[in-house]
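Could you put together the complete structure from these sequences and hints?
Sequence order for the protein chains is A and B. To convert, note that position 23 of the first sequence is 23 in the numbering used here; the numbers rise steadily by one, no gaps. To convert, note that position 48 of the second sequence is 48 in the numbering used here; the numbers rise steadily by one, no gaps.
Hint data in this document are derived by calculation from the structure and do not stem from the laboratory. Quick caveat, the model's predicted, so the values are computed rather than measured. There may be inaccurate statements among the hints.
Said to hold, decoys possible - Here are the computed lysine-lysine pairs in the DSS-like style, where the Cα-Cα straight-line distance is at most 25 Å: (1) A/42 x B/55; (2) A/42 x B/41; (3) B/66 x B/14; (4) A/1 x B/64; (5) B/14 x A/1; (6) A/68 x B/20.
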Amino acid sequence: KQEVTQIPAALSVPEGENLVLNCSFTDSAIYNLQWFRQDPGKGLTSLLLIQSSQREQTSGRLNASLDKSSGRSTLYIAASQPGDSATYLCAVDGSARQLTFGSGTQLTVLP
Amino acid sequence: GAVVSQHPSWVICKSGTSVKIECRSLDFQATTMFWYRQFPKQSLMLMATSNEGSKATYEQGVEKDKFLINHASLTLSTLTVTSAHPEDSSFYICSASSTSGRAYEQYFGPGTRLTVT
Chain A
1 KQEVTQIPAA
11 LSVPEGENLV
21 LNCSFTDSAI
31 YNLQWFRQDP
41 GKGLTSLLLI
51 QSSQREQTSG
61 RLNASLDKSS
71 GRSTLYIAAS
81 QPGDSATYLC
91 AVDGSARQLT
101 FGSGTQLTVL
111 P
Chain B
1 GAVVSQHPSW
11 VICKSGTSVK
21 IECRSLDFQA
31 TTMFWYRQFP
41 KQSLMLMATS
51 NEGSKATYEQ
61 GVEKDKFLIN
71 HASLTLSTLT
81 VTSAHPEDSS
91 FYICSASSTS
101 GRAYEQYFGP
111 GTRLTVT
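Encoded structure:
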């Protein structure tokens, strides 16, 4: 059974810092990996989707990498802003074509 | 494109009553829809997967008689929480996927907050 782990569980940084969020998964037989953002009490906003054949995806200040063989993905956020404060979830689309979510990293960017 | 809506966005009901939550794909045909629940400060847990015109497939530990799922059309799925109890209070999120475009990518609705008193 696929298990997804996110480290750290919470992170607080001053505005302007670059930061890295980590995601690891146990079964490397995946179709894709996706990073989401969730604001308190809200639904999910898709940030980046990396297909299994890809190594990274970029969108603005966000860059996500995927190392399928080692079961790891990272989300890099450059020049963080207070508006980036949210919970970041990674999810893996595995052999059952179902998303398995990590427990999330709660990010706080201090002004 | 790929917009999914949920209705209602929040609902409060009394213990013992039933509540229906709708999930609609607004601009695409969703062959598969998924229902998740999320407890406070926890991640999303898949409850069931439904394909249009077929019975839903429930995850282990999810009571199918309590959480009734109907996927009668390619744009609508409903989740009915029957005889709701306070422990059913949660955030319910649906997602929908299409066979066109980026096949199998799931598009998420905004969620429904259910509070059972």
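Indices of hints not satisfied (ascending): Numbers 1, 5 and 6 - these are the hints that the structure violates, sorted from lowest upward.
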